[in-house]
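Quick note, the sequences are listed as chains D and L, same order. Throughout the first sequence, residue numbering follows my numbering, covering 35 to 371 in sequence. Throughout the second sequence, residue numbering follows my numbering, covering 35 to 371 in sequence.
If you are wondering where the hints come from, they were derived from the structure by calculation, not from laboratory data. A couple of the hints might just be wrong.
Since the list gives no way to pick one copy over another, a pair counts as held whenever it fits inside one copy or between any two copies.
[Said to hold, decoys possible] Under the rule of at most 20 Å between Cα atoms (straight-line distance), these lysine to aspartate or glutamate pairs were calculated in the DMTMM-like manner:
id : residue 1 : residue 2
1  : K291      : E269
2  : K303      : D180
3  : K40       : E117
4  : K57       : E95
5  : K303      : D134
6  : K303      : E95
7  : K303      : D318
8  : K303      : E320
9  : K57       : E320
10 : K208      : E229
11 : K43       : E143
12 : K223      : D180
13 : K339      : E229
14 : K208      : D188
15 : K339      : E162
16 : K57       : E273
17 : K57       : E350
18 : K57       : E359
As the structure is a computational prediction, the values presented were derived from the model and not from experiment.
There are 2 protein chains.
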Amino acid sequence: MTQNSKTTKVIRFDAAGGPEVLKLEEIPLPELAADEVRIRIAALGLNRADSMFRRNQYVLEPSFPGSRIGTDAAGVVEAVGAEVTALKVGDRVTAGLGFDVSRYGTHGETALLPAGFAIGYPDFLSPEEAASINIPYVTAWGALVDQGALAEGDFVLVTAASSGVGIAAVQIAKAVGAIPIAVTRRREKRPRLFEAGAAHVVVTEEEDLARRVLEITGGRGVRIVFDAVFGGMPETLVEVTAPGGTIFFYGALDQEKPAVLPMFPTMMKEIRFQGYVVYSVFGDPERLARALRFIYDGFESGRLKVVVDRSFPLAEYREAHRRLESNEQIGRIVVTV
Amino acid sequence: MTQNSKTTKVIRFDAAGGPEVLKLEEIPLPELAADEVRIRIAALGLNRADSMFRRNQYVLEPSFPGSRIGTDAAGVVEAVGAEVTALKVGDRVTAGLGFDVSRYGTHGETALLPAGFAIGYPDFLSPEEAASINIPYVTAWGALVDQGALAEGDFVLVTAASSGVGIAAVQIAKAVGAIPIAVTRRREKRPRLFEAGAAHVVVTEEEDLARRVLEITGGRGVRIVFDAVFGGMPETLVEVTAPGGTIFFYGALDQEKPAVLPMFPTMMKEIRFQGYVVYSVFGDPERLARALRFIYDGFESGRLKVVVDRSFPLAEYREAHRRLESNEQIGRIVVTV
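One chain only, chain D, in its complex shape (with noise of 0.2 Å):
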């Protein structure tokens, strides 16, 4: 098979910007180096990341011209380089984190992976479904179950919650018989965070968020926060956490606004603050293992269920990220393809 007669619709980039930077370009099908694997994508999902690698606000920096983009993605291998041994042609994968998506993105008709990064997933679950646990799922996964040690009766504040990660982390915190506390901007989204499993939503832009978390807690505050925003809301995090209480900093959506840390309340109340990325678990075989068996575990006993916001064709991403950017979405915009 002569690789250089076919080509494939990729996601490149060649500036930081909004989505109007993104393109969806015929490329020639790139070459299969002996330790890569070629995955022709079914689903791909959406997350925060992709944004702010977009703007080039993230971890990783996008390289131009033509950096490619994308995490969250599910399909079928349809190739395989000379040395890979553990997959073959014809498994559905997921991709794992921790690859350089600029040059290995996976949103597009397909990608390459180095082998190591695709990771088979059971058939009870869809594409879309399999391209929307890597992150939002292991994410809750690794900071409340594996590093929070959540359990039953304890109070958990979700902020962001009708993300992706949000409604994963609400979905595991009652799956393990926590308190889920949702936070959310919008009335509208309530009915759909309580559906989710939440057992309280508070509305910021309506409510006292300190006052009604104390409320619901009976004055103590919650064990746990699991928190996307940062930024501004240090202050109002360490009022509403219990002393001793953790609070796990995953995100960083607002970035506009310096975390200043009120020294003296965090240290009266001894709470953490505990920065965290899902990249630890994916680093990890072990801790990944048992995150996979907890999430496969939940959706097949229905404990744990995507809640899809809206799926858009590949031909609309540029639109898939506009949704993205909107807050107005309640959970995950998957693209299928």
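Given chain D's structure and the hints, the job is docking chain L onto it.
What follows is chain L alone, placed relative to chain D:
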């Protein structure tokens, strides 16, 4: 015995400010409530908390006029209230933590304390040593040993290493087999910090802290930072902390600069900023018992040893505060009564 016929000299102050607000005043020996004991003070120790309290920049507030001051102190019980059964006249005690300092402050010839805050201490300790344990050593123990589980071979960075708490931390780290790196501003403090047990000393007026610590730790960084300064330093502290490490902040010496968390490096390295106060140990009898066992054993075996910077008579109490704020001291500032 008619208590009103007697007087006692105590330190009081009527307005927040510098050392000049402190006065040694002769007052009638106060009435003893049923749950209180009166202690004839033999020695007292100064801590940063005392000068912050005096300036009204501490977590506890003085109440004027006539605010008392002081926490660390050791002496002999000379009277017990009607309901006190756990202590008797003649017992050698130190003052624990958590009482209302404005009312019960221990710095003076005598002090009243609710009996629960008076802690017996072993015979092999001098009053000067006993008055140097409760804040310095228990503070360092609670973070390093109890919460941080500092172990053999761990690198630990101690800022403000010349303070009473700093030296206690260096000694405790060495006692558990860890490798203490002491941070000081001034070169002339180096020899005494090595003497106190530091494996390495970084002199920040001459050396780049981050570069030196990375050199010492082979590029990896320390597992634990024990930091009294905070303020403008978090970025450097994150730089010198190993992935997954913990930055304890127990002081807040630098209140001028806001403590802005560097979000991305903190997330990528999964670093934990852990607020900590020694009050939590004194509020938990089981933890306090473990702390004192560890510390008394250390003193008995000689692994821990109070480093006295200078000793003042009570009449020079103001001078003792000036010395505390000079940043020239190494170790403990003690007042003998």
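Going down the list of hints, with the structure as the test:
1. Taking the shortest alpha-carbon separations for K291 and E269, both the intra-copy value of 12 Å and the inter-copy value of 16 Å come in at or below 20 Å.
2. With identical chains, the CA atoms of K303 and D180 are at most 20 Å apart between copies only, with a shortest distance of 16 Å across copies and 23 Å within one.
3. In this homomeric assembly, K40 and E117 never come within 20 Å of each other (Cα to Cα): the closest approach is 23 Å inside a single copy and 93 Å across copies.
4. Taking the shortest Cα distances, K57 and E95 sit within 20 Å of each other inside one copy (18 Å), while across copies they are farther apart (61 Å).
5. Proximity of K303 to D134 under the C-alpha cut-off of 20 Å is restricted to the inter-copy arrangement: shortest distance 18 Å between copies versus 40 Å within a copy.
6. Taking the shortest Cα distances, K303 and E95 sit within 20 Å of each other only across copies (17 Å), while inside one copy they are farther apart (37 Å).
7. Proximity of K303 to D318 under the C-alpha cut-off of 20 Å is restricted to the inter-copy arrangement: shortest distance 14 Å between copies versus 32 Å within a copy.
8. Within a single copy, K303 and E320 get their C-alpha atoms only as close as 33 Å, which misses the 20 Å cut-off; across copies the closest is 19 Å, which meets it.
9. Neither within a single protomer nor between protomers do K57 and E320 lie at most 20 Å apart by alpha-carbon distance, with minima of 38 Å and 63 Å respectively.
10. Taking the shortest alpha-carbon separations for K208 and E229, only the intra-copy value of 12 Å comes in at or below 20 Å, while the best inter-copy value is 54 Å.
11. For the identical chains of this complex, K43 and E143 are intra-copy neighbours only, at 6 Å inside a copy versus 85 Å across copies, given an alpha-carbon limit of 20 Å.
12. In this assembly of identical chains, the alpha carbons of K223 and D180 never lie at most 20 Å apart, being 29 Å within a copy and 43 Å across copies at closest.
13. In this assembly of identical chains, K339 and E229 lie within 20 Å of each other by CA distance solely inside one copy; the values are 11 Å within and 61 Å between copies.
14. Taking the shortest Cα distances, K208 and D188 sit within 20 Å of each other inside one copy (10 Å), while across copies they are farther apart (38 Å).
15. For a Cα distance limit of 20 Å, the shortest separation of K339 from E162 inside one copy, 11 Å, qualifies, whereas the shortest one across copies, 64 Å, does not.
16. In this assembly of identical chains, K57 and E273 lie within 20 Å of each other by CA distance neither inside one copy nor across copies; the values are 45 Å within and 38 Å between.
17. Taking identical chains as interchangeable, the C-alpha atoms of K57 and E350 lie at most 20 Å apart only when both belong to the same chain, with a minimum of 10 Å there against 76 Å between chains.
18. For the identical chains of this complex, K57 and E359 are intra-copy neighbours only, at 18 Å inside a copy versus 62 Å across copies, given an alpha-carbon limit of 20 Å.
Of the hints listed earlier, those the structure fails to meet are numbers 3, 9, 12, 16, in rising order.
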